[in-house]
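*Asks:* Each chain is listed here by its residues.
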Amino acid sequence: AQSVAQPEDQVNVAEGNPLTVKCTYSVSGNPYLFWYVQYPNRGLQFLLKYITGDNLVKGSYGFEAEFNKSQTSFHLKKPSALVSDSALYFCAVRDTAGNTPLVFGKGTRLSVIA
Amino acid sequence: GAGVSQSPSNKVTEKGKDVELRCDPISGHTALYWYRQSLGQGLEFLIYFQGNSAPDKSGLPSDRFSAERTGGSVSTLTIQRTQQEDSAVYLCASRPGQRSYEQYFGPGTRLTVT
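Going line by line, the protein sequences match chains A and B. Just add 4 to wherever you are in the first sequence, counting from 1, and you've got the working numbering. Just add 11 to wherever you are in the second sequence, counting from 1, and you've got the working numbering.
Okay, chain A solo, but in the shape it has when bound (with noise of 0.2 Å):
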């Protein structure tokens, strides 16, 4: 069964400092990899996803993660945080194998400070 664990249900950070919200998953193949954004009364927005090729991604509003296959870790970070990334972030995986839905974390909420 696949499963992904958000550790964290809030993460604070200084606007301009670096922030790392953290995913790791369980998957019995090889895992799609996806992160999403929830703005307050909104629906969930795409950030970016891993398929293959290389670990580190990049996706949208300078958002990137990196995926870690021997530590089943797939962390989202930005080098330099906005105000206006403060949001409810959700990691969430799927197995390669078979037509599997996605499976989500509890998503992490993201503080951002001015």
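You may find that some hints are simply not true.
[Unchecked claim] Straight line, CA to CA, 25 Å or less: simulated PhoX-like cross-link-like pairs of lysine-lysine:
| no. | chain 1 | residue 1 | chain 2 | residue 2 |
| --- | --- | --- | --- | --- |
| 1 | B | 68 | B | 26 |
| 2 | A | 110 | B | 28 |
| 3 | A | 110 | B | 22 |
| 4 | A | 62 | A | 26 |
| 5 | A | 73 | A | 110 |
[Unchecked claim] Beta-carbon label-pair distances, calculated as ranges:
| no. | chain 1 | residue 1 | chain 2 | residue 2 | range |
| --- | --- | --- | --- | --- | --- |
| 6 | A | 62 | B | 39 | 24 to 34 Å |
| 7 | B | 121 | A | 9 | 39 to 49 Å |
| 8 | B | 73 | A | 110 | 18 to 28 Å |
| 9 | B | 55 | A | 18 | 42 to 52 Å |
| 10 | B | 28 | A | 83 | 42 to 52 Å |
| 11 | A | 110 | B | 16 | 24 to 34 Å |
| 12 | A | 64 | B | 39 | 15 to 25 Å |
Quick caveat, the hints were computed from the structure, so don't treat them as lab data. Each residue gets a CB set at the ideal place from its N, CA and C atoms; glycine is no exception.
Based on the hints, put chain B in the right spot on chain A.
*Replies:* For chain B alone, kept in the frame of chain A given last:
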């Protein structure tokens, strides 16, 4: 172009009543998903439609929940005899097809059962 739309945006209903939630996917998207987002929880997969294939209903929490997708486009999620624990945000997402990966989410329907 137009994104995924959902209606109503908010629905308040009395316990025991039936409700219907509607999702209009992005035109041409063959895959459609329903998720439930409860307070403090991640996204819970409910049901998945792919083209003309039989839907994956493995996430439906009880037989009070059902969904259909007419003509490969619009989908309706029906909850019969609503319970207070059904209160949540119901999110719909669509995906272009088998070889695409990211899902595009609608803004959701906030359901409150009183």
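*Asks:* Does each hint fit the structure? Answer for all of them.
*Replies:* Verification of the supplied hints:
no., hint, result
1, B:68 to B:26, "24 Å, holds"
2, A:110 to B:28, "29 Å, violated"
3, A:110 to B:22, "24 Å, holds"
4, A:62 to A:26, "16 Å, holds"
5, A:73 to A:110, "21 Å, holds"
6, A:62 to B:39: 24 to 34 Å, "27 Å, holds"
7, B:121 to A:9: 39 to 49 Å, "27 Å, violated"
8, B:73 to A:110: 18 to 28 Å, "22 Å, holds"
9, B:55 to A:18: 42 to 52 Å, "34 Å, violated"
10, B:28 to A:83: 42 to 52 Å, "50 Å, holds"
11, A:110 to B:16: 24 to 34 Å, "26 Å, holds"
12, A:64 to B:39: 15 to 25 Å, "22 Å, holds"
Figure legend: structure checked against the earlier numbered hints; hints not met, in rising order: 2, 7 and 9.
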